[in-house]
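Top to bottom, those sequences are chains A and B.
Following my numbering, the numbering of the first sequence begins with 1 at its first residue and continues without gaps.
Following my numbering, the numbering of the second sequence begins with 1001 at its first residue and continues without gaps.
Calculated directly from the structure, the hints in this document are not laboratory data.
Where is the CB? At the ideal position from N, CA and C, for every residue including glycine.
It is possible that some hints are incorrect.
[Claimed, not checked] With a Cα cut of at most 20 Å, we get these calculated SDA-like pairs of lysine to any residue:
1. A/Lys81 - B/Arg1181
2. A/Lys81 - B/Asn1166
3. B/Lys1172 - B/Lys1130
4. B/Lys1065 - B/Gln1121
5. B/Lys1130 - B/Leu1064
6. A/Lys81 - B/Met1170
7. A/Lys87 - A/Leu168
8. B/Lys1157 - A/Ser116
9. B/Lys1172 - A/Lys87
10. A/Lys81 - B/Leu1156
11. A/Lys81 - B/Arg1140
12. A/Lys80 - B/Asn1166
13. B/Lys1157 - A/Leu168
14. A/Lys87 - B/Asp1163
15. B/Lys1172 - A/Ser114
16. A/Lys80 - B/Tyr1167
17. B/Lys1065 - B/Asp1124
18. A/Lys81 - B/Phe1145
19. A/Lys87 - B/Val1162
20. B/Lys1184 - A/Gly133
21. A/Lys81 - B/Tyr1143
22. B/Lys1065 - B/Ala1098
23. A/Lys81 - B/Gly1147
24. A/Lys81 - B/Ile1159
25. A/Lys80 - B/Arg1111
26. A/Lys80 - B/Asp1144
27. A/Lys80 - B/Glu1141
[Said to hold, decoys possible] To list a few chain A residues with every Cβ distance to chain B over 12 Å, as calculated:
28. Glu6
29. Thr37
30. Gly83
31. Leu151
32. Gly162
33. Glu167
34. Ser171
35. Gly173
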Amino acid sequence: MVDMPEGHTGDGFFATKLSDAVGLARKNSMWPLPFATSCCGIEFMATMASHYDLARFGAERLGFSPRQCDLLMVMGTIAKKMGPILKSVYLQMAEPRWVMAVGACASSGGIFDSYSVLQGIDQIIPVDVYVPGCPPRPEGILDGFMRIQDLVGEESFRRRNGEQYRELMQSYGIK
Amino acid sequence: MYESYGNWVLKISLSYSHTLILLTFLVDNAYIKQRLTAQFGEQVSRFEEPYGMLTFESPKDLNLKILQFLYDDPELRFQFMTDLTAVHYPHDIGRELAIVYHLHNLVDNIRIRYKVFTDIQKPDVFTATKLFSAANWMERETYDFYGVNFVGHPNLKRILNVDEMNYFPMRKEYPLEDQTRIDKDDAMFGR
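One chain only, chain A, in its complex shape (with noise of 0.2 Å):
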C-alpha cells in the first residue's frame, strides 16, 4: 500500500492537491521501456525476476513501444552508431517522459574511452537518474527506480511548459 498525499481530510471526503494525485497514480504504475544494449540488460532481468521484483512498484508492464512508455531506461553501452536511434525512440515517446541511465556505459561512457562509444547519453537526451555501477545490483537499479517514483510523484503540471525546460529542450536539439 502507498501512503497518502497531504491533504485535508473530512467527514467523508480528503482533499488533495491534483498533481500529488496525479503523481501517486503515475509514480505507481510507470510503464518502462527497457533499452537494454548489454550487460546492464542482464542485470535488468534479474531486477524484473522474482527476487528483486521490480513489479512490486507497479511497473511489471514493460513496453517495448515507445509510444506506449513513460520511462526510457537506458541499460548498455551506446555507440555512436546507436546515438541517432536512440535520439528517435526518445522523440517517439509522449510527454510526460522521462529518463533513466543504467550503468557506467549510459551514464558516462563507461570503461570504454574509445572513438566508437558514445561517452554518457546526456550527450543526445536529458536524463532523469544516473544508476553507477558496472553493472550496478539490482538493488541499485530499483534504487534508482524509487528516485525516479520521487520525481514523477512531485512533477508540477506546469514545469512541461515552462521556460527552463524549453530551454532544455532546445540544448539538446529537440523541438
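Since the structure of chain A is provided, determine the placement of chain B on it from the hints.
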C-alpha cells in the same frame, strides 16, 4: 597406422573381416609449400610456420590467382575463408598494410595464412568477393578500419563505424580514446 614416404602414406585400416591397405596422400605444410612453389615459383615467398600454421606472402596482384588456385585444386581444397583482416606496420615503408587471409581446408583440417602487402599511399587490392561470399563484409570492415580499397567490391562502405567518420581508426597514428570528450581528463583517468 601411417608410414609416410614423402607425401604418400601407407594407410592400414583394420576392420572385422579383412585388412585394407591403401596408398593415399597426406596433405601437410610441406606438400602445400611444394605445390605452391611448383605453380608460382618465386612469387610466393617468406614461408613460415608460426605455431604450426603455414604462412606465406605474394605480391598483391596475384592474390586472386593464388586464392583461386588454392580453391580449385582437388588436393588442396582451401574452400573456406575463416578470416580476412589487415595489419598496419607504420615503419615498413612501401609495405605498410598487410592484408591477411586465413583459409581452411575442411576435408583435411588444415589451415593456412596468406598475406599480401600494400603501400599505404595506394592501398588497392583486388576483392575476393566473387570467390568467397564471406569476404564481402570482412572487406568492408577492413576498409572501415584500415582504409584498404578493395577493387571490384560491390558495396565498399563503412560497416561498423558511423558513416560520417573521415579517418581509419585502427591505423597506428590514431589514438583509441575519443578525442571529442570534454568531461574526462587524462590525469583523473590514469593516462
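Consistency of the hints with the structure:
Proximity of lysine 81 of chain A to arginine 1181 of chain B is assessed by CA-CA distance (about 16 Å); at most 20 Å being required, the pair is judged to hold. Under the criterion of a C-alpha separation no larger than 20 Å, the hint pairing lysine 81 of chain A with asparagine 1166 of chain B is consistent with the structure, at around 14 Å. Note on lysine 1172 of chain B and lysine 1130 of chain B: the hinted pairing is violated, with a Cα-Cα distance of about 31 Å set against a maximum of 20 Å. Distance check on the hinted pair: lysine 1065 of chain B and glutamine 1121 of chain B sit about 24 Å apart at the alpha-carbon level, beyond 20 Å; violated.
For the proposed pair lysine 1130 of chain B and leucine 1064 of chain B, the alpha carbon gap of about 10 Å is at most 20 Å, so the pair holds. Note on lysine 81 of chain A and methionine 1170 of chain B: the hinted pairing holds, with a Cα-Cα distance of about 17 Å set against a maximum of 20 Å. Between lysine 87 of chain A and leucine 168 of chain A the alpha-carbon distance is near 15 Å, which keeps this suggested pair within the 20 Å criterion. Proximity of lysine 1157 of chain B to serine 116 of chain A is assessed by CA-CA distance (about 17 Å); at most 20 Å being required, the pair is judged to hold.
For the suggested pair lysine 1172 of chain B and lysine 87 of chain A, the alpha carbons sit about 32 Å apart, so the restraint of at most 20 Å is broken. For the given pair, lysine 81 of chain A sits about 18 Å from leucine 1156 of chain B by alpha-carbon distance, which is consistent with the 20 Å threshold. Using a Cα cut-off of 20 Å, the hinted pair lysine 81 of chain A and arginine 1140 of chain B holds, with the two alpha carbons roughly 16 Å apart. In summary, the hint linking lysine 80 of chain A to asparagine 1166 of chain B is supported, as the alpha carbons are separated by about 14 Å, within the 20 Å threshold.
Straight-line distance between C-alpha atoms of lysine 1157 of chain B and leucine 168 of chain A comes to about 36 Å, which puts the hinted pair past the 20 Å bound. With a C-alpha separation of about 17 Å, the suggested pairing of lysine 87 of chain A with aspartate 1163 of chain B holds against the 20 Å cut-off. The suggested pairing of lysine 1172 of chain B with serine 114 of chain A holds, with an alpha-carbon distance near 14 Å, which does not exceed 20 Å. Under the criterion of a C-alpha separation no larger than 20 Å, the hint pairing lysine 80 of chain A with tyrosine 1167 of chain B is consistent with the structure, at around 15 Å.
For the given pair, lysine 1065 of chain B sits about 16 Å from aspartate 1124 of chain B by alpha-carbon distance, which is consistent with the 20 Å threshold. With a C-alpha separation of about 15 Å, the suggested pairing of lysine 81 of chain A with phenylalanine 1145 of chain B holds against the 20 Å cut-off. For the hint linking lysine 87 of chain A to valine 1162 of chain B, the alpha-carbon distance of about 15 Å falls within 20 Å, and the restraint holds. Between lysine 1184 of chain B and glycine 133 of chain A the CA atoms are separated by roughly 18 Å; this keeps the pair inside 20 Å, and the hint holds.
For the suggested pair lysine 81 of chain A and tyrosine 1143 of chain B, the alpha carbons sit about 17 Å apart, so the restraint of at most 20 Å is met. With a CA separation close to 18 Å, the supplied pair lysine 1065 of chain B and alanine 1098 of chain B stays within the 20 Å bound. Taking the CA atoms of lysine 81 of chain A and glycine 1147 of chain B, the gap is about 19 Å. The hint holds against a cut of 20 Å. Only pairs whose Cα atoms come within 20 Å are accepted, and lysine 81 of chain A paired with isoleucine 1159 of chain B is accepted, the gap being roughly 10 Å.
Simply put, lysine 80 of chain A and arginine 1111 of chain B have alpha-carbon atoms about 36 Å apart, too far for the 20 Å limit, and the pair is violated. With a C-alpha separation of about 15 Å, the suggested pair lysine 80 of chain A and aspartate 1144 of chain B falls inside the 20 Å cut-off, and the hint holds. Annotation: proposed proximity of lysine 80 of chain A to glutamate 1141 of chain B holds, straight-line Cα distance about 16 Å (limit 20 Å). At roughly 39 Å from the closest C-beta of chain B, the C-beta of glutamate 6 of chain A stays outside 12 Å, upholding its exclusion from the interface.
Listed as outside the interface, threonine 37 of chain A is consistent with that label: its C-beta sits roughly 15 Å from the nearest C-beta of chain B, beyond the 12 Å cut-off. Annotated as non-interface, glycine 83 of chain A brings its C-beta within 12 Å of a C-beta of chain B; the closest such distance is 8 Å. The non-interface label for leucine 151 of chain A is consistent with chain B: the shortest C-beta to C-beta separation is roughly 23 Å, beyond 12 Å. Every CB of chain B lies more than 12 Å from the CB of glycine 162 of chain A, the least distance being 27 Å, so the non-interface label holds.
Under the 12 Å C-beta cut-off, the non-interface status given to glutamate 167 of chain A relative to chain B holds; the minimum distance is some 20 Å. Under the 12 Å C-beta cut-off, the non-interface status given to serine 171 of chain A relative to chain B holds; the minimum distance is some 14 Å. Residue placement check: glycine 173 of chain A keeps its beta carbon more than 12 Å from all beta carbons of chain B (closest about 16 Å).
Going down the numbered hints, you'll see the structure goes against 3, 4, 9, 13, 25 and 30, while the others check out.
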